[in-house]
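*Asks:* Sequence:
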Amino acid sequence: MRSWGLIAASLLCAALAPVATAAERVRDLEAKVLELNLPAQPIGDALSQVAEAAGLQIVFYSDAAVGLTAPALAGSFDVASALDRLLAQTSLQYEFVNGTIVVRERNRHAPDAQQHPPSTSDARERSSARGLRARLALTRGMPRSLELDEVRVTARRRSEDLQDTPVAVTALSGEALDVRAVRSLDALTQFVPNLQFDGAAPLSGAAYNATIFIRGVGQNDFAIFSDPGVAIYLDGVYLGRSIGGVIDLVDVAQIEVLRGPQGTLFGRNTIGGAVLLKSHEPEAALGGSFAIGVGSLERRDIRATLNVPIDDAFLARVSAASLRRDGYAKRLSDGQQMGDKDATIARAQLAWQPSADLKARLTLDTTRIRQGSAPLTLIDVAASGTPFLNLYNSLVAPTLGVRAPDGSTIVSRAWLTDDIDTTHAAGTSINDLDSDGIALTLDARVGEAALRSITAWRRLDAQFARDGDNTPFTFRETYNNDRQEQFSQELQWSGSHDVLRLDWVGGLYFFQESASERGRALLASGLFDALEALDLDAEETWCGLAGANPRPVASCPASLRFGGRAFRDNNVLADLDVDLLTRVRNRSVAIFGQGTHRLADRWSVTAGVRWTRDEKAIAL
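For the sequence shown, this note's numbering begins at 25 and goes up steadily by one.
I should point out that these hints are in silico values taken from the structure, not numbers from a laboratory.
Don't take each hint at face value.
[What the hints assert, rightly or not] For each label pair, taking beta carbons as the anchor points, the in silico distance ranges come out as:
id, residue 1, residue 2, range
1, Lys640, Ile462, 49 to 57 Å
2, Glu472, Ala315, 36 to 44 Å
3, Val602, Asp458, 36 to 44 Å
4, Leu356, Ala192, 44 to 52 Å
5, Asp603, Arg348, 27 to 35 Å
6, Lys640, Gly312, 26 to 34 Å
7, Gly311, Glu472, 30 to 38 Å
8, Gly571, Pro429, 18 to 26 Å
9, Leu386, Leu356, 47 to 55 Å
10, Ile403, Asp603, 28 to 36 Å
11, Leu386, Asp202, 24 to 32 Å
12, Arg609, Gly91, 57 to 65 Å
Don't be surprised by glycine CBs; every beta carbon is placed ideally from N, CA and C.
Using the sequences and the hints given, assemble the complete structure.
*Replies:* Structure below.
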């Protein structure tokens with residue numbers, strides 16, 4: 025018992041140590057004497073100079089300090105006295121929080137807030153301050169002041185501070201994306217928790233087919249009849265296919281990643297979550313940008329943006345990019361590059377705002393990609409092979425006149441290379457995409473509510489191929505030509521009721537698409553014909569096991585007996601080539617809504633509802 029008591033006492037002391045340290049820090053700051061000689065100046069500049077003189081951190085909200093002037097201050101002051109004098113004629117107050125001074129408006133968040141020191145609940149309220157921008161005057165060795173823009177998100181279909189959003193969402197501004205060198209959507213996986221974003225869907229051979237998982241939920245099938253598990257919204261428009269989902273980022277204002285189903289907030293529901301991509305809207309000032317990037321492999325990136333105010337009501341914005349790079353992988357069979365980049369992207373926007381209560385925005389975008397297939401490399405071939413590989417190597421491969429570097433004429437480890445970026449593949453190499461879209465967004469204020477209409481049409485045409493065996497043989501190759509056209513209409517109605525303490529959003533959604541996929545798979549091509557042509561004795565079979573053929577029937581398992589008429593049922597299993605045309609027509613209608621009732625400043629209850637009718641038709 026004594027040992028447990030000592031352990032408990034030690035843990036208690038350890039737990040209280042940070043509190044004591046923080047309290048000592050507050051006392052030291054309050055007692056520190058400063059020699060100041062400050063002129064009358066904006067309150068923000070005065071606070072920054074006090075912070076620099078004291079070697080501490082001050083946090084204040086710049087919107088509260090706009091237009092305020094601090095009086096001249098000269099002489100010896102402790103930190104508390106200096107702040108008292110600077111803020112005496114303003115509506116601002118300050119508090120010490122863990123060695124940091126927080127300055128904010130009186131009664132802005134906590135009417136009964138106390139100074140020196142604040143309560144835990146006060147500190148939490150400050151951490152979720154609504155609609156603020158924080159300026160930090162940092163300690164010695166760092167810039168005197170640093171202004172941090174608030175992060176505002178529209179995850180709940182209204183603009184609100186990220187700190188106040190009760191939704192699992194990660195938001196990255198355009199500036200944050202630039203700092204992190206995020207140039208395409210798949211790079212988000214490095215910076216967004218719980219997100220797995222792969223730019224090459226399995227078995228597709230394309231570098232732009234998105235495979236997205238959030239919290240382990242998603243969809244890795246790019247087929248035209250498979251809906252994405254995680255939705256991508258481009259300026260509010262749902263992209264119905266994962267093909268082309270690896271979007272190059274041009275003139276992006278913000279990206280939001282929402283985790284989990286969002287059926288009561290968005291017209292098209294997905295089980296994994298949503299990725300919201302928002303472009304910069306036209307602005308009232310004439311301006312633009314131009315950037316050139318160069319790098320290895322003859323990389324040449326050009327990005328340009330032009331913003332033109334036509335008049336007070338009409339604004340236009342155009343952005344474009346040309347992205348070029350040589351391939352980092354090479355096919356030894358024909359010298360063709362793989363892993364190259366050749367994309368052209370353009371977007372044009374026209375905004376019209378005749379009044380404060382009405383705004384219209386027309387957006388047109390186009391993407392053109394022409395490049396080789398995503399690189400693949402052969403890393404091994406099992407010595408024992410597989411039944412179909414053994415049959416292919418004994419009946420088909422030697423007849424094609426193809427020789428490996430060691431002189432062999434079959435699919436084997438002889439086709440491995442010493443360089444992972446080289447391959448003996450000889451199948452079709454193509455990775456092309458054409459994608460276009462047009463969207464009209466109308467925003468209107470109707471009383472205290474907001475109405476939004478999003479009408480959109482999009483299409484895509486994609487071709488991509490994959491040489492899965494990475495040899496000159498046609499043992500495992502695929503080719504896809506996918507086309508899709510979609511139309512969507514969404515109406516959103518949102519607002520707040522202060523008396524009822526209610527925030528709400530509701531909407532209607534219509535989605536229709538038609539698509540087709542020409543899929544061709546060449547698997548052990550020629551094997552079926554070769555098996556059918558065999559003339560075997562009644563007691564012989566061509567066995568799928570490694571070794572000499574033909575062999576006695578009794579020495580081969582029944583399921584691996586092939587060749588001639590006697591084993592035609594098994595021969596059919598080797599007829600693996602597929603050439604399939606699939607047509608799809610989908611229609612979805614949905615009604616959705618969500619409301620949040622604010623029980624208190626820090627407590628709320630949210631409820632939502634959704635009704636959906638989906639009609640899917642597929643023809644093979």
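*Asks:* Taking the hints in turn, state whether each one holds.
*Replies:* Here's how the hints hold up against the structure:
Our hint of 49 to 57 Å for Lys640 and Ile462 is violated, since their Cβ atoms are close to 25 Å apart. Taken as a hint, the range 36 to 44 Å holds for the pair Glu472 and Ala315, whose Cβ atoms sit roughly 42 Å apart. The hinted window of 36 to 44 Å between Val602 and Asp458 is violated, with their beta carbons roughly 25 Å apart. The hinted range of 44 to 52 Å is satisfied by Leu356 and Ala192, whose Cβ atoms lie roughly 48 Å apart.
Evaluation of the 27 to 35 Å hint for Asp603 and Arg348 yields a pass: the beta carbon distance comes to about 34 Å. At about 45 Å, the CB distance of Lys640 to Gly312 disagrees with the hint of 26 to 34 Å. Evaluation of the 30 to 38 Å hint for Gly311 and Glu472 yields a pass: the beta carbon distance comes to about 34 Å. The beta-carbon spacing between Gly571 and Pro429, approximately 25 Å, falls within the hinted interval of 18 to 26 Å.
Taken as a hint, the range 47 to 55 Å holds for the pair Leu386 and Leu356, whose Cβ atoms sit roughly 49 Å apart. Between Ile403 and Asp603 the beta carbon distance is about 29 Å. The supplied range of 28 to 36 Å therefore holds. Between Leu386 and Asp202, the C-beta spacing of about 27 Å keeps the proposed range 24 to 32 Å intact. Taking the beta carbon of each, Arg609 and Gly91 are about 60 Å apart, inside 57 to 65 Å as hinted.
The earlier numbered hints that this structure contradicts are 1, 3, 6.
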